[in-house]
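Sequence lines, in order, name chains U and A.
Letter by letter, the first sequence follows residues 1 to 112 of our numbering.
Letter by letter, the second sequence follows residues 113 to 225 of our numbering.
These are calculated hints, taken from the structure and not from any lab test.
Please note that the accuracy of each hint is not assured.
[Said to hold, decoys possible] Straight-line Cα separation of at most 27 Å, DSS-like style, residue types lysine-lysine; simulated pairs:
#, chain 1, residue 1, chain 2, residue 2
1, A, K136, A, K209
2, U, K49, A, K136
3, U, K99, U, K49
4, A, K180, U, K99
5, A, K180, A, K136
6, U, K99, U, K68
7, A, K209, A, K190
8, A, K190, U, K61
9, A, K190, A, K180
10, A, K136, U, K99
11, A, K180, A, K209
12, A, K209, U, K49
13, U, K49, U, K68
14, U, K99, A, K190
15, A, K190, A, K136
16, U, K49, U, K61
17, U, K99, U, K61
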Amino acid sequence: AQSVTQPDIHITVSEGASLELRCNYSYGATPYLFWYVQSPGQGLQLLLKYFSGDTLVQGIKGFEAEFKRSQSSFNLRKPSVHWSDAAEYFCAVGAGDYKLSFGAGTTVTVRA
Amino acid sequence: DAGVIQSPRHEVTEMGQEVTLRCKPISGHNSLFWYRQTMMRGLELLIYFNNNVPIDDSGMPEDRFSAKMPNASFSTLKIQPSEPRDSAVYFCASSWKGTNEQYFGPGTRLTVT
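Taking the hints into account, I'd like the entire structure generated from these sequences.
Rendered as structure tokens:
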């Protein structure tokens, strides 16, 4: 069965600074990988996804993620964060069936 | 598209009462998921439907929980009787089978007193 680890529970970043959120997965074959964002009181919104092909994927809100098979990682990045990026971010892995395994989430705080 | 629609957005009820949560998936999606989110346990998959048929209900915590999907555009999650430990945010999500790409509703925040 697949699993996901998000090593950072909480990250604080200054507005305008770069952001990188780590995600490591465990799965024997090529996984389907996702990043979701959850703002306070809201549902999970899909930021980006990787199925195959180019290992650098672009998403909404200026986010990108890079799939590195050798490191079993799918880290999320944004060059310059905005105060509205304060939220909880979830990495998820799927095996092509129906089930997604979610990480525990990383809470991002943006300071002025 | 309106996205996944859930109702109510907030529900406060007393212990022992029946609670029914509702979900309308995205039109054309044939897979539907119910999740529960708590601080202690994170996001948990409760049940998964494909083409209106329950496929995996291993996450349903107890017999007090039941879910139905009478047609492709409507599902319910019922808790009877409710208990304070059922307090959580319940999400519904839908996808096109095989893509793993799930779209979430805004959630129902349930408080059982």
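Verification of the supplied hints:
A distance of roughly 16 Å separates the Cα atoms of K136/A and K209/A; the hinted pair therefore holds under the 27 Å criterion. Distance check on the hinted pair: K49/U and K136/A sit about 24 Å apart at the alpha-carbon level, within 27 Å; holds. A C-alpha spacing of about 15 Å is found between K99/U and K49/U, which places the hinted pair at or below 27 Å, so the restraint holds. Between K180/A and K99/U the CA atoms are separated by roughly 19 Å; this keeps the pair inside 27 Å, and the hint holds.
Taken as a hint, the K180/A and K136/A pair is honoured in the structure, with Cα atoms around 12 Å apart against an allowance of 27 Å. With a CA separation close to 22 Å, the supplied pair K99/U and K68/U stays within the 27 Å bound. Under the criterion of a C-alpha separation no larger than 27 Å, the hint pairing K209/A with K190/A is consistent with the structure, at around 24 Å. Between K190/A and K61/U the CA atoms are separated by roughly 36 Å; this puts the pair beyond 27 Å, and the hint is violated.
Annotation: proposed proximity of K190/A to K180/A holds, straight-line Cα distance about 8 Å (limit 27 Å). At roughly 20 Å between alpha-carbon atoms, K136/A and K99/U fall within 27 Å of each other, so this suggested pair holds. For a cut-off of 27 Å, the pair hint linking K180/A to K209/A stands: about 18 Å separates their Cα positions. Note on K209/A and K49/U: the hinted pairing holds, with a Cα-Cα distance of about 16 Å set against a maximum of 27 Å.
Among the hinted pairs, K49/U with K68/U is consistent with the structure: their alpha-carbon atoms are about 14 Å apart, no more than 27 Å. Proximity of K99/U to K190/A is assessed by CA-CA distance (about 22 Å); at most 27 Å being required, the pair is judged to hold. Taking the CA atoms of K190/A and K136/A, the gap is about 15 Å. The hint holds against a cut of 27 Å. Under the criterion of a C-alpha separation no larger than 27 Å, the hint pairing K49/U with K61/U is consistent with the structure, at around 14 Å.
A hinted pair counts as satisfied when its Cα atoms are at most 27 Å apart, and K99/U with K61/U qualifies at roughly 26 Å.
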